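Participant: If you read the protein sequences in the order shown, they are chains F and G. According to numbering that gives the first Met the number 0, the first sequence is numbered sequentially starting from 0. According to numbering that gives the first Met the number 0, the second sequence is numbered sequentially starting from 0.
To be clear, the hints were calculated from the coordinates, so they are not data collected in a lab. Model, not experiment: these values are computed from the prediction. Built from N, CA and C at the ideal position, the CB exists for glycine as well. Treat the hints with caution; some may be incorrect.
Claimed, not checked - In silico BS3-like pairs for lysine-lysine, Cα to Cα no more than 25 Å straight-line:
| id | chain 1 | residue 1 | chain 2 | residue 2 |
| --- | --- | --- | --- | --- |
| 1 | F | Lys98 | G | Lys375 |
| 2 | G | Lys484 | F | Lys126 |
| 3 | G | Lys375 | F | Lys93 |
| 4 | F | Lys68 | G | Lys300 |
To be verified - Beyond 12 Å from chain G on every Cβ pair, some chain F residues (computed):
| id | residue |
| --- | --- |
| 5 | Glu52 |
| 6 | Glu54 |
| 7 | Arg56 |
| 8 | Pro57 |
| 9 | Ser59 |
| 10 | Glu60 |
| 11 | His77 |
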Amino acid sequence: MTDVNAASGVRVYQPPKQSPRGQLVDSVIILVLLMVVLFGVTYFVQSSTSATEVETRPLSELPITPTEKQQYAVAIEHGIVDLPTANQQVADNKQDSNKYPIAVGTLIITFGVIGIYLAFVYLVSFKEYREVIRERFGPPSSTASSPEADS
Amino acid sequence: MTEIESRPPQVPGPPAPPAPPREGLSLSKVLGPIHIWGLGVGIVLVGEFMGWNFAVGKGGMFGALIAAWVVGVLYTCVAMIDSEVTSTVAAAGGQYTQAKHTIGPLMAFNVGLFLVLEYTMLEAADANVMSYLATTISGQLGYHGSVNQYAFIVLAIMVLAFLNYRGVLATLSINFIITGIAFLAIVVLFFGTQGFDPTSQLHFSGLTSSESNGLPYGWLGVFAALQFGMWYYLGIEGTCQAAEECRSAARSIPLGTMTGIITLLIAAALTWFVCAGTLPWQYLGVSITPLFDTALMTGTKSLAILLAIGTILATLASANGCINDASRAWFSMGRDNYLPAWFGAIHPRYRTPFRAIIFLVPVAIAFAVLPVLLNKPELLGTIITFSILSALLMYSFMVPNMFRFRRLWPIGTLHRGYTHPFHPLPAITLGLIAAMVLFATFLGYGTVLVTLVVFYLLASVWFVVFRYRYVARGKQFTMPWPRPKGY
Numbered sequence: 000m001t002d003v004n005a006a007s008g009v010r011v012y013q014p015p016k017q018s019p020r021g022q023l024v025d026s027v028i029i030l031v032l033l034m035v036v037l038f039g040v041t042y043f044v045q046s047s048t049s050a051t052e053v054e055t056r057p058l059s060e061l062p063i064t065p066t067e068k069q070q071y072a073v074a075i076e077h078g079i080v081d082l083p084t085a086n087q088q089v090a091d092n093k094q095d096s097n098k099y100p101i102a103v104g105t106l107i108i109t110f111g112v113i114g115i116y117l118a119f120v121y122l123v124s125f126k127e128y129r130e131v132i133r134e135r136f137g138p139p140s141s142t143a144s145s146p147e148a149d150s
Numbered sequence: 000m001t002e003i004e005s006r007p008p009q010v011p012g013p014p015a016p017p018a019p020p021r022e023g024l025s026l027s028k029v030l031g032p033i034h035i036w037g038l039g040v041g042i043v044l045v046g047e048f049m050g051w052n053f054a055v056g057k058g059g060m061f062g063a064l065i066a067a068w069v070v071g072v073l074y075t076c077v078a079m080i081d082s083e084v085t086s087t088v089a090a091a092g093g094q095y096t097q098a099k100h101t102i103g104p105l106m107a108f109n110v111g112l113f114l115v116l117e118y119t120m121l122e123a124a125d126a127n128v129m130s131y132l133a134t135t136i137s138g139q140l141g142y143h144g145s146v147n148q149y150a151f152i153v154l155a156i157m158v159l160a161f162l163n164y165r166g167v168l169a170t171l172s173i174n175f176i177i178t179g180i181a182f183l184a185i186v187v188l189f190f191g192t193q194g195f196d197p198t199s200q201l202h203f204s205g206l207t208s209s210e211s212n213g214l215p216y217g218w219l220g221v222f223a224a225l226q227f228g229m230w231y232y233l234g235i236e237g238t239c240q241a242a243e244e245c246r247s248a249a250r251s252i253p254l255g256t257m258t259g260i261i262t263l264l265i266a267a268a269l270t271w272f273v274c275a276g277t278l279p280w281q282y283l284g285v286s287i288t289p290l291f292d293t294a295l296m297t298g299t300k301s302l303a304i305l306l307a308i309g310t311i312l313a314t315l316a317s318a319n320g321c322i323n324d325a326s327r328a329w330f331s332m333g334r335d336n337y338l339p340a341w342f343g344a345i346h347p348r349y350r351t352p353f354r355a356i357i358f359l360v361p362v363a364i365a366f367a368v369l370p371v372l373l374n375k376p377e378l379l380g381t382i383i384t385f386s387i388l389s390a391l392l393m394y395s396f397m398v399p400n401m402f403r404f405r406r407l408w409p410i411g412t413l414h415r416g417y418t419h420p421f422h423p424l425p426a427i428t429l430g431l432i433a434a435m436v437l438f439a440t441f442l443g444y445g446t447v448l449v450t451l452v453v454f455y456l457l458a459s460v461w462f463v464v465f466r467y468r469y470v471a472r473g474k475q476f477t478m479p480w481p482r483p484k485g486y
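Make the full structure from the sequences, and use the hints.
Facilitator: Structural data, given as structure tokens:
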């Protein structure tokens, strides 16, 4: 539905008034979308933790620096960590220059999806923005150039 | 030129048409710079008490330090850009309202969702961590009974939501006080560990003796650490959400935000320093309460109690600020009909967006209890990543937002409460670092990254196809500004 503004001659869009039922339905839709996508993923995502059993050795035999052994000893003394956990942590954090392998295909797909999303949002937004400005300020004057032409 | 102006300049050109009036009640204008500081730092400071240290697990001790610096630059750019734009766009919704005026409705809808998810997920993480803290700290302090984590989660969120419901002035005054105490706890810990004399109690020799300790996973590990490096500062941009409730947004937002980021840079440096010199990095990378653990390592019980209190207060302040910010963004979208108008209501007595506050409570509780319900504490990382990624997507929006803001309304055509220096350097730097952190997130949480983007894409399609028809076009432009240049 549109009305014509008598002063500017611009067509003014008159949105329909949404019923309470419609508002409830929209609230449920956005909530369900949020919960299904994010809650679902959170439910199924399994964090990658070390699954291997580590033999518990005394601190003196762990492959860490003397300072770290001293710090672990203090931590064990104060009940912050126990010896088996310290062994597990040292095993989980051994030096590894290949800890983050990059799957090129996955990388391309991931950033491709991001690119599609951003392109859709920006293109639609710029189109809607013109509509907003035209209705708010009236038709563009003949001297005004498009922002794309400015850049 | 950088300036905080005290009076409006002469605006050249034809006078702007009056902004369409808002119908009904308005939010209370009661906040000053200390409340803005309390809101911004309050949301973030919990990141020093827990979360930043996961960066150590990703990239080692030096990886976490580099992440603190690099991400610190990112947030300095965010603070500079937000200070300029928000001191001009003084409306609830912050970046959402900015997007409406500079990019367009669909971008604004997305930015609104980014804000809601960033803060609601952060709130869920805060409540979840608080329940773990209650268990951990009570055990460390000598209590060995069982602690019901569900009770802590639900009670914390409900009580804070009620506080927010009752009024913004009390909410953010309390946030200022408890955030101040939490920050002082970090400073006291620095002195308690004799941080001013690094050779007395702190030990850095383990870090410098071998590359494997400082950078165990090489430079790719440094990239990976950037993701949790965000935790040092995540949420400082939330100060913008309170713009409409400031007595003078042009003064309070820049002052509160800039002093806030300075506070956080100091807190981040102190935190890394005392923890790196006290705890072995293998432990620090998985610790739930690194600052509290550092206090325990000193053997001083009063220090441990102070840091326990500081940790609890920091999580409360963060959840409190998150409820405030998420509800403002949700409310603003309801007010513009981007979401059902029912959410755009203001409480007749307390002048708060009460329906938005209440609606988001079950969402936060659901995500907060999930790791407890499934007995998988590590799922907290996934929830935190939802928050981090939503924030990152918003930062990537701030780059074109800043360019267009300066181009559509060049300097001198609008009254700016603050004009940030060196444009466009902060915007370009922000874009580059945000891209790096996105890549870092891909390294650790690629599935979550794709899922979240798909969620925003589906929500965008829903908005365009089903929702936008309820939105009045011209009325979305609410600022009394002149016509944008080029349109």
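Participant: Hints numbered earlier in the text: which of these fail when held up against the supplied structure?
Facilitator: Hint check: 11 fails alone, others pass.
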